[in-house]
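Asks: Spelled out from the first residue to the last, the chains are:
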Amino acid sequence: MKALGIILAGGNGRRMKELANKRAVAAMPMAGSYRAIDFVLSNMSNSSINRVAVITQYSARSLNLHLSSSKWWDFGRKQGGLFVFNPTVTHENNNWYRGTADALVQNLDFIRNSHEPYVVIAGGDGIYKIDFNKVLDYHIDKEADITVVCKRLSAGTDVSRFGVVDLDDDNRIVGFEEKPVDSNNNFVSCGIYVIRRRLLISLLEQCEEMEWFDFVSDVLMRQRRVMKLYAYEHEGFWSNIATVQSYFDTNMDFLKPEVREEFFYTYPEIHSKVDDYPPAKYNDGACVSNSLIASGTIVNGKVENSVIFQKSFIGTNCSIRDSIVLNGAHIGDGVVLDHCIVESRMTLEPGTTYKGEAGKIKIVTE
Amino acid sequence: MIKKKMIAMLLAGGQGSRLGVLTAKVAKPAVSFGGKYSIIDFPLSNCVNSGVDTVGVLTQYRPLRLNSHIGIGIPWDLDRNIGGVSVLPPYERSDKGDWYSGTANAIYQNLEYMESFNPDYVLILSGDHIYKMDYEEMLDSHKAKGATVTIATMAVPWEEASRFGVVIADENGHITDFEEKPKNPRSNLASMGIYIFTWDVLREALIALADVPGCDFGKHVIPFCHEKYGTCYTYEFSGYWKDVGTLSSYWEANMGLVDIVPEFNLYEEFWKIYTKENAVPPQYMAPGSSATQALIGEGSSIYGSVHHSILSANVIVEEGAEVVDSILMMGVHVGKGAKVHKAIIAENTVIGDGAILGEGEYAESKLDTRVYASDLVTVAENSVIPPNVSIGKNTAISGVTLPEDYPNGRLEDGGYIIRGGEGA
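In order, the protein sequence lines correspond to chains W and Y.
Under our numbering, think of the first position of the first sequence as 1, with each following residue one higher.
Under our numbering, think of the first position of the second sequence as 367, with each following residue one higher.
If you are wondering where the hints come from, they were derived from the structure by calculation, not from laboratory data.
Accuracy of the hints is not assured; some may be wrong.
Here are the simulated lysine to aspartate or glutamate pairs, DMTMM-like style, with alpha carbons at most 20 Å apart [unchecked claim]:
1. Y:498 <-> W:275
2. Y:708 <-> Y:727
3. Y:638 <-> W:141
4. W:256 <-> Y:727
5. W:273 <-> Y:643
6. W:78 <-> Y:445
7. Y:638 <-> W:18
8. W:302 <-> Y:445
9. W:71 <-> Y:643
10. W:273 <-> Y:685
11. Y:549 <-> Y:526
Simulated restraints, written as ranges between beta carbons of each label pair [said to hold, decoys possible]:
12. Y:481 <-> W:112: 48 to 54 Å
13. Y:602 <-> W:77: 57 to 63 Å
14. W:141 <-> Y:622: 58 to 64 Å
15. Y:606 <-> W:179: 55 to 61 Å
16. W:161 <-> Y:606: 50 to 56 Å
In this text, all values refer to a predicted model and were calculated from it rather than measured experimentally.
Note that beta-carbon positions come from the ideal geometry of N, C-alpha and C, so glycine has one too.
All chains, full assembly: derive it from the sequences and hints.
Replies: Okay, structure coming up:
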């Protein structure tokens, strides 16, 4: 393969509130049977990117457990493989990763010692399906220095947590505004970059020397007029789950047939760690409508417009609406949930009620 | 030198002809079970859970699906540097080549495989049964009793004992005699077809009996060891153990899984059953759908209603369709308004809109009364059933069927349609 993969999965999950207590955003359970990072890992594996590094830092234990074997994504190969890089104290360095560019700088040796001519850099918290070969072909075709995968969000979407991109007629990036509070431009960067490995190394060497730490502000923003930055428009579904609301909404998006079609039923598929859970079981009293139910789950009650993750238990006479129940939760008899996210492995006492509301999701945790 | 305490030899070469069209194209151990598993997953998982990490799987009949299911053994952690799982088909020698002519003959032809691991004990298993069993406990019993052969047995109701090979043993489990399907059984301890042999004894017996045609464990090897050493013991097993050799026993064993607390519980963390996962996504239950007393596999989409049934991965039940008392294997598609009652539908079969399966009364099968002797509708893999036809009870269908195959839109009770060359 022509490219090396680097996944930046070290960001802290402040905006995920209590959900971030247990894990990094990239390790968030997604769509019933997955973790967020499965999407980018599968995209890389499916695009024959064989050598992938995951850079972790914040609350990485859950993520590391998920990545404990590379076989689920087919990375267990002699050539290539899956590498997990936590910050480490060395002779020259005793810092944490101080930013995305710094995380790359601290792993420069890995990039230097690879042979692939290109590098694909992506975050661990994007939910999308993409063929990186197409992005790479585009990058080569445009003779770009850096190609940025972008997505046109639907009009009116709040873009204040994204990088907003202006293009010329050739799709070259002429303006790049990071996290604007007021913008009517809805063309945003997905935080996915393709760059020649040699160029990346020299840019990172400069960052190291200048003590620049952030890839967007210190590389992209500084270089945007000097270098040729091109936008590759991603047509399919794309969502970033780094806030509670977007996490909730993205899970609910999977209740839409076109989203399920794209991710569940269209080749190539998204891979995940396999846990050998038995099929989901529906006892008498189960009444499930417009919901996703993952394997290992036992349903005795009522579930509507919800996503129930693996190995959950839903007691009799429950009423679960517009909610997300994460892995291994035990929902006692008669529990009422409305607009909630139930943390994994929670036990909810029988007869209790938890209510959030649209736009104000309640996180049920200890 | 390689040294393994106990290795397992798993006999998976049989057709299982009494499963009719279900095993027309796959070996019985590869037949799906419980909405996710293959029958062979149970002995394989028992092996790894018991600490047996070297398993030879003897294949012969229609091994394709079995081979791709087992692969290099990743799902069972049997991808190992030394040992692990090896698929052992019959092979040709410089002078001749033989099919496996009997259970013991199959093992005899793989003496070299077993020798290469230098085992103390060899565990003989078959790929036909649904159970969870700790073979290590059985080995402990084998050692404690100083046995040369230990036969796992199970107490069955006396009236059923005449269907089995039974062993007559004293209170210490020492076997004094055997009876194969006796009319008037003297014992109700049925052999489960699971044996532990002390390796030297097995080796000696297999070599001594090398020329016996169709050499079989029950008929030849065990009697040989019994006569020569007299140290055959039983290991009495009292857990769940189901033979799924007939369509009705296969159906019943599956249906037992939907009980509130099933006798055979797949949801326990202890003694997990591993399998090759074919699908990851969760299942989707549409508005207006319903599912009760049901097991439903990954990636399925239910728009209609499902009651008292087992559905594997990637099954689609369309709007208005009704699935009751049935087993739907992976990738089955039930069309709009179709009704499926008491049926076993194998992989990737498409049932047309409005078709009705299992309508009528029991009638004797016109195909094979030995195989089809219940009121089940049995449909082979990759079959197609046209829209709006009606299919009676105790019927069998295989292949792509067309409306003209159904006179007046009906397949009568006890009837069959076999298309596409090789059928039942």
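Asks: Each hint should be assessed against the structure and marked as holding or not.
Replies: Evaluation of the provided hints:
A threshold of 20 Å between alpha carbons decides the hint, and for residue 498 (chain Y) with residue 275 (chain W) the separation of about 19 Å falls inside it, so the pair holds. Restraint check for residue 708 (chain Y) and residue 727 (chain Y): satisfied, since their Cα atoms lie roughly 12 Å apart, inside the 20 Å limit. For the hint linking residue 638 (chain Y) to residue 141 (chain W), the alpha-carbon distance of about 51 Å lies beyond 20 Å, and the restraint is violated. Only pairs whose Cα atoms come within 20 Å are accepted, and residue 256 (chain W) paired with residue 727 (chain Y) is rejected, the gap being roughly 42 Å.
Between residue 273 (chain W) and residue 643 (chain Y) the alpha-carbon distance is near 10 Å, which keeps this suggested pair within the 20 Å criterion. For the suggested pair residue 78 (chain W) and residue 445 (chain Y), the alpha carbons sit about 16 Å apart, so the restraint of at most 20 Å is met. In summary, the hint linking residue 638 (chain Y) to residue 18 (chain W) is not supported, as the alpha carbons are separated by about 32 Å, beyond the 20 Å threshold. This hinted pair does not check out: residue 302 (chain W) and residue 445 (chain Y) have alpha carbons roughly 42 Å apart, beyond 20 Å.
In summary, the hint linking residue 71 (chain W) to residue 643 (chain Y) is supported, as the alpha carbons are separated by about 13 Å, within the 20 Å threshold. Pair hint residue 273 (chain W) plus residue 685 (chain Y) does not hold up; C-alpha atoms about 32 Å apart against a cutoff of 20 Å. With a C-alpha separation of about 10 Å, the suggested pairing of residue 549 (chain Y) with residue 526 (chain Y) holds against the 20 Å cut-off. Between residue 481 (chain Y) and residue 112 (chain W) the beta carbons are some 50 Å apart, a value that agrees with the proposed interval 48 to 54 Å.
Hint check: residue 602 (chain Y) to residue 77 (chain W), Cβ distance near 48 Å, so the stated range 57 to 63 Å is violated. Under the hint 58 to 64 Å, the C-beta atoms of residue 141 (chain W) and residue 622 (chain Y), about 60 Å apart, fit the expected range. For the hinted restraint 55 to 61 Å between residue 606 (chain Y) and residue 179 (chain W), the CB-CB distance of approximately 59 Å keeps it satisfied. The given range of 50 to 56 Å is respected by residue 161 (chain W) and residue 606 (chain Y), whose C-beta atoms sit roughly 54 Å from each other.
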